Amino acid sequence: MGVNGPPGTGKTTMLRDILAGNVVERARRLAELKSPEEAFTTTTHRWRSIDGEHWSKVRQLRSELTGFEMVVASTNNAAVENISVEIPDLHAINDRWRDSSDYFGDIASTVLEAVEASEAGKGEKEGCEKAVRKAWGLVAARLGRKRNRTAFRSAFWFDDKDRNGNRIPGTAPRMQTRLNWWRDGKVAHKSWAQARVDFRQVEQRVDELLAQRQAAQGRMERLTAALREESVLAAQAQRLNIEVDQAAVEKQRYAAVVERVQAEYFEASAVRDRQVETKPGALETLFTLGRAVREWKDRLKSLEEQLRAVEQSWQQTRQHAQYLDERARCISTELASTENRRRHVAREVDELCRQVAEDRERYGLAYPDEKRGREYREMRAPWLDAEIDAARSDLFLAALQLHEDFLANAAGDMVKGLRAAIEVVAGAHPRGLEPEKLRAAWQTFFLVVPMVSTTFASFGRMFAGLGPESLGWLFIDEAGQACPQYAAGAIWRSRRVIAVGDPLQLQPVVTMPRKAQYDIAASFGVSPAWIPPQASVQTLADRVSYYGTTLHHGETFAWVSAPLTVHRRCDDPMFGLCNEIAYGGMMVSAVQRHLDDPDFPDLFEGPHGPKISPSQWIDVPERTSGSHLQENQIEELCKQFMVLRKQGVAMSQIIAISPFRVVADKLRSLQGRYSGLGGGTIHTAQGREADVVFLVLGGKPDAPGAKAWASSTVNLVNVAASRAKRRLYVIGDRTAWSQYPYFADLASALAPQPQRVPGAAG
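Sequential numbering of the sequence shown, starting at 1, is according to the UniProt record's numbering.
Derived from the structure by calculation, the hints contain no laboratory data. Just so you know, these numbers come straight off a predicted model, no measurement behind them.
Mimicking DSS-like on lysine-lysine, the simulated pairs with C-alpha atoms at most 30 Å apart in a straight line are:
1) 437 with 34
2) 161 with 57
3) 186 with 161
4) 186 with 134
Label pairs and their in silico Cβ distance ranges:
5) 245 with 293: 50 to 60 Å
6) 386 with 521: 45 to 55 Å
7) 544 with 210: 29 to 39 Å
8) 412 with 361: 49 to 59 Å
9) 488 with 232: 52 to 62 Å
10) 534 with 562: 20 to 30 Å
11) 343 with 547: 36 to 46 Å
C-beta: ideal position from N, C-alpha, C; glycine also.
Assemble the whole structure, with the sequences as input and the hints as a guide.
In structure tokens form, the structure reads like this:
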């Protein structure tokens, strides 16, 4: 499935929801087990360790407990870090649950620090200041490259020990130690029976709340149907009343016809009878030689024919009169039935209106209402009020607790299985291990750590040896930046794939010359639709997505997958600019700033206006020919830094980016002087955000082709503007750049402030 994720629309939040859903579903299946032993089949996978000193053993989990393995993969290292670091971060938990949420939180904190230290040793901090994080749960891990996996293994499995081999006091006991304590009875734990009861109590609470909301949904639907039926019945009663009146008029009119035809019948019968009585006698017959009798018979015959005709007409008239009587009775009966049903429906409507009014009062803004505007509907999930939201959170935490209780009650099997699994995770297993053994090891690992992240560059080595559909879920983050071939192996190894990205942000970076790509594609009969950078994992997912929408850009349009539309990052003008130039107004803003909170005063805005100058274009003309780097623009940037620092803006709140590498290199070189500053190209900024973004345009004054390249699509401006949460300051030649598409929109959105200091508000 493809998901279109414009900037700031909650891709990580969506992944949290899926993670929680999978953890809860697996917990439901665990709760069905009468004993932890039932979680395993009779198969035990074995292999000798690399050093040959021991056998690694992992029991095969039942198939019902597998398929929940979740891997987040991306070409963007920052995107991978965001997900695997943000999800377990203690600050990701609402205050209500922060103190009570603990799924191996101390181990998770140690793992976060260890993997970050591994990355820092590689020199990838890029000068950014990163506070030590406190994790609430071991729900996601950043793996990928070998050094990260090794660091994870050490922090997850092995205690910090002194020279005598004893755990250092004050350090967290790691997973191996905890499992051994549970196995040996050194630490008490909840019985499996009690663990199941506790989970099901929380689950039942959610089921009850869902049933209540389903009942409310049913009442809402019945009211809609009843109102529709009431309207139909009213129209039907009106029609039947008219038909009753018409039938009465027709009966009255036809009664005269019946009376007339009856009189005609009686008259014809009397005439016939008189003719019978005038039959000639014998003498008259004799004297007229029979003529009188013949004439009499002819006359009688004619009268009898007339009588039969009149009698038939009278019979038909009576039958029609009976039909009219019956029809009038039927209409009256139907009208009575309709009125009776109408009264019943009216009572039902009254009762449903009362119940629905109570439901509206109870569920408040969570009650679905089609009369409300699109913006309202986009920002609220139907029926998700605070009560059930809290209950679902409780259920997720209860599901994690059940997983922990399972580990405690199956510690003997799990300490062996996880020891083997950790070897596989760290790549410390023998080469050529059978796919089913590798799969069993990873499945055991994911039973403890539900989600891991990696770059595509490390995916193949990390999951080497796994066969098709060995993993449950693959989430491709920043799929718009991923070349299709990068994801092929990961997709092949996964049962379900969700590609989350945005073709209107940065495209894949391709090092192969365009002509070479097309020549190779032509020789193998491959359509250009598959060739990056125009093709990405996201564009290919969009092509086959059933759910989606059409985005229009002038005369062109593009079909994108199911969109996330609620934006929660940028203030205006950044939000309005991106929404207009890239998304056709599809997004709605849910940004909320608490400007009147005396305990936490906002740094950028106050109740009466901005404290720091609004976003603006600082016009610094291009003076140096032959280079995109304009030193006067860098000098202006440094001036702005100094003023912002005086205004209380930390350098860690700022990133400075540029379309050109030579300018980006200069920006990165400033990190030593301005500790905490983030800097680089616009391409390296995707997946990041900051309170303040400086877009240093640079540009050769004698080479307009570079500006034409930068403005050839909406992507660069869209990414640059959407990094800024509070302020966007553009430093560049306004006259030169505003002649080009999208940069003209950028210039229109930002007021020109030549050489204006951002801190000088007003």
